[in-house]
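Student: Full structure from sequences and hints, please.
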Amino acid sequence: MSASPLASPAQTKGHTARLAGRKIIVTGAGSGIGRTTAALFAAEGAKVTLFDWNAEAVRKVAEEIGAGFSSVDITNEPEVSRAVQRAASEMDGIDGLINAAGVMSKGLATEVPATNGVGSSKSI
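Here the sequence shown is numbered in this note's numbering, starting from 309 and rising by one per residue.
By construction, these hints were calculated from the structure, which means they are not laboratory data.
No false leads were slipped in.
The calculated lysine to any residue pairs, modelled on SDA-like cross-linking and capped at a C-alpha distance of 25 Å, are:
| hint | residue 1 | residue 2 |
| --- | --- | --- |
| 1 | Lys331 | Arg367 |
| 2 | Lys331 | Gly374 |
| 3 | Lys331 | Asn384 |
Tutor: Here's what the structure looks like:
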C-alpha cells in the first residue's frame, strides 16, 4: 500500500493495515484535523467516506486518498441523514464515525443553547 500524499513519511512509516475492512465516515474532512485523520485512516486500510460543506475541498481530498465523499452541511439533519444512508450503501455498512467538523457559534459555551447553530451556521 502506498502512503497517502497527505501524510508525512513519519506518519505512514510502519502502517500495518490495522483498519483494513473498516468502513468509516469522517466529517470536516476537507481540511485540518478531519483531512489528516481521513488520510491516516485510509493509509491504515479503512474504506473512508468524507463529509464536508466545502465541495471542492472534500472532492480534492477524496481524490488524493481514494475515498468516497459527500458535500454535506452537518447542521442540516435531513442532508446528513441522506449522506449517511448513501455512504452506508456505498461502503456496505458503517463501522465508525470521526466527527472532526467544527460548528461556529457566537457567545460563551456556557451561554449558548445546545440547539444554537443547528441549521443556522456552517461547519468549518
